[in-house]
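Asker: Order-wise, the sequence lines are chains D and L.
Count the first sequence with this note's numbering and you get residues 1 to 254, in order.
Count the second sequence with this note's numbering and you get residues 1 to 255, in order.
Incorrect hints may appear among the rest.
To spell it out: a stretch of chain D is covered by chain L in this simulated footprint if at least three of its residues, at any positions, have a beta carbon under 8 Å from a beta carbon of chain L; those stretches are [unchecked claim]:
hint, region
1, 16-23
2, 79-85
3, 163-169
Below, a sample of chain D positions facing chain L; criterion: calculated Cβ distance under 7 Å [stated by the list, open to error]:
hint, residue
4, TRP2
5, TYR8
6, LEU9
7, ASN12
8, ALA88
9, GLY89
10, VAL94
11, VAL96
12, PRO97
13, VAL100
14, ASP186
15, LYS195
These are computed hints drawn from the structure, not numbers from a lab.
Beta carbons: idealized from backbone N, C-alpha and C, even for Gly.
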Amino acid sequence: MWHGDYLYLIQNLVMKDFRIRYRNMSLGVLWSLLNPLVMMGVLTFVFTRIFPNPNIKNFPVFVLCGMVPYSFFTVACISGTTSIVENAGLIKRVPVPREVVPITTVLSCCIHLVVQIGLLLFIVLVSGKGINLQWFWLPLVWVFEIVFVCGLALLSASLNVFVRDTRYIVESSTTVLFWLVPVFYDFSSIPLRFKGIYELNPVAALVLSLRRILLNAEPPVGTTLWKLAAVSVTVFLAGLVVFRRLKAGFYERI
Amino acid sequence: MNGSDGRPAIVFHDVWKSFSKHAGQILIRDRVLQWVHARRPEKFHALREVSFSVQHGEGLAVIGHNGAGKSTLLNLATGLCEPDRGRLEVNGRVAALLDLGAGFHPDLTGAENVHINASLMGLSRREAHARYDDMVAFAEIGDFINEPLRTYSSGMIMRLAFSVAVNVDPDILIVDEVLGVGDLAFQAKCREKILGFRRSGKTILCVSHSNDTLKDVCQRALWLDHGRVMDDGPLARVVQGYKEAMNAHSGAALK
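Using the sequences and the hints given, assemble the complete structure.
Answerer: Structure follows, in structure tokens:
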């Protein structure tokens with residue numbers, strides 16, 4: 001029915017989110033920097049002064065490699081989950097393809113993400129690590145992460161229309177995830193038998209890859225990368241299938 | 001796309017649409033209770049076996065009492081929801097004015113909202129930029145275009161929304177009760193624009209309670225009563241029948 005310009009529409013909607021969010025803040029984009037910096041400070045203090053781990057060098061960079069993917073995941077997942085319900089005005093009044101709504105919500109979170117990745121790279125350079133050729137892997141691993149989150153958002157946004165508790169389930173899950181992703185501990189401290197499963201979590205896979213690239217100047221491990229790609233694409237397709245099946249019911253339920 | 005392929009602009013063939021009465025029960029608790037009691041949600045039929053077609057260049061008014069299914073019919077034609085049964089065909093670009101300012105955001109400027117709305121209605125970047133000046137000029141809101149929408153009067157917001165919709169240059173314009181936009185001068189301008197639309201062979205599907213607007217814009221009317229088509233034909237005849245039925249009804253209620 002709708003034969004519009006997807007690219008132009010998505011760009012407009014992302015800019016809309018961005019403008020609404022930042023127009024009324026005097027510090028604007030700086031807010032995106034504050035949260036990771038504070039978390040980096042607190043976690044660095046706790047894990048270098050209170051529970052020091054001699055195996056981890058350069059703790060600020062180490063922990064930021066975990067915080068940036070984790071906080072992007074949390075924010076994008078939660079706002080993606082509520083996107084359909086919160087855009088009821090659009091869904092009930094404008095015949096745009098419904099898939100556009102959760103996807104643009106996730107993409108608007110990418111604006112913070114770009115700022116935070118900038119911060120991460122800045123801290124890497126300040127800490128004395130230089131730019132290396134492996135940085136070329138960065139766009140690829142991040143794109144897989146975004147694809148993964150778009151898939152989850154499609155899934156949870158459509159479920160949230162039918163069962164509004166979905167939102168709280170997603171919120172609790174992201175809290176649990178903080179401990180299941182190696183944000184402040186090292187992959188080497190995970191028992192061997194859990195390692196394979198661990199890598200299946202795209203957020204963990206991304207964190208591990210980031211640390212290899214930025215701290216060790218090594219390319220991501222082949223199996224990690226492979227699992228990251230497979231899980232991300234599968235989740236995206238699954239999200240799309242579920243969303244397409246459920247979207248006919250949105251009109252009546254929001 | 002303007003009827004050259006011989007297909008009508010809009011076709012409804014035996015369309016049914018119902019809504020579930022318990023659609024509001026959306027917590028896990030409600031789902032579990034529904035399942036335990038094996039309760040099937042009750043259905044409310046908004047449209048029953050509705051069939052009609054609108055040719056390109058025709059103007060069709062949908063009339064009926066409140067809750068007769070008029071808005072459901074427009075929403076189906078716009079593509080916001082799908083029928084339970086039956087076939088529905090819409091051929092051509094649609095612009096719908098269901099709520100004025102759907103998709104507008106109060107914190108964004110008029111200009112930003114115009115671009116967002118144009119892309120929501122399906123314009124490409126090039127088309128949106130080409131028509132932007134016409135959209136703003138038609139709305140007559142002057143320098144306010146660069147102010148946030150929350151500083152606008154409700155009349156200004158309606159004028160801007162109407163202006164975007166008509167300048168999208170749709171093949172089919174779907175309008176719900178909103179032709180009384182703005183002051184008298186702007187209303188006259190809107191009517192002129194819509195008549196121009198009709199003359200250039202565009203299709204209009206509208207709901208209105210104002211006979212004056214209907215008379216100008218539509219020659220044909222469809223009368224709905226509790227989701228069923230009561231009559232479909234020349235505007236004067238159908239409106240007459242509807243009025244008589246309403247009078248008989250209110251007369252009976254008074255006795």
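Asker: So, for every hint listed, does it hold in this structure?
Answerer: Against the structure, the hints:
no., hint, verdict
1, 16-23, "holds (count 4)"
2, 79-85, "violated (count 0)"
3, 163-169, "holds (count 3)"
4, TRP2, "6 Å, holds"
5, TYR8, "4 Å, holds"
6, LEU9, "4 Å, holds"
7, ASN12, "5 Å, holds"
8, ALA88, "10 Å, violated"
9, GLY89, "6 Å, holds"
10, VAL94, "5 Å, holds"
11, VAL96, "6 Å, holds"
12, PRO97, "10 Å, violated"
13, VAL100, "9 Å, violated"
14, ASP186, "38 Å, violated"
15, LYS195, "35 Å, violated"
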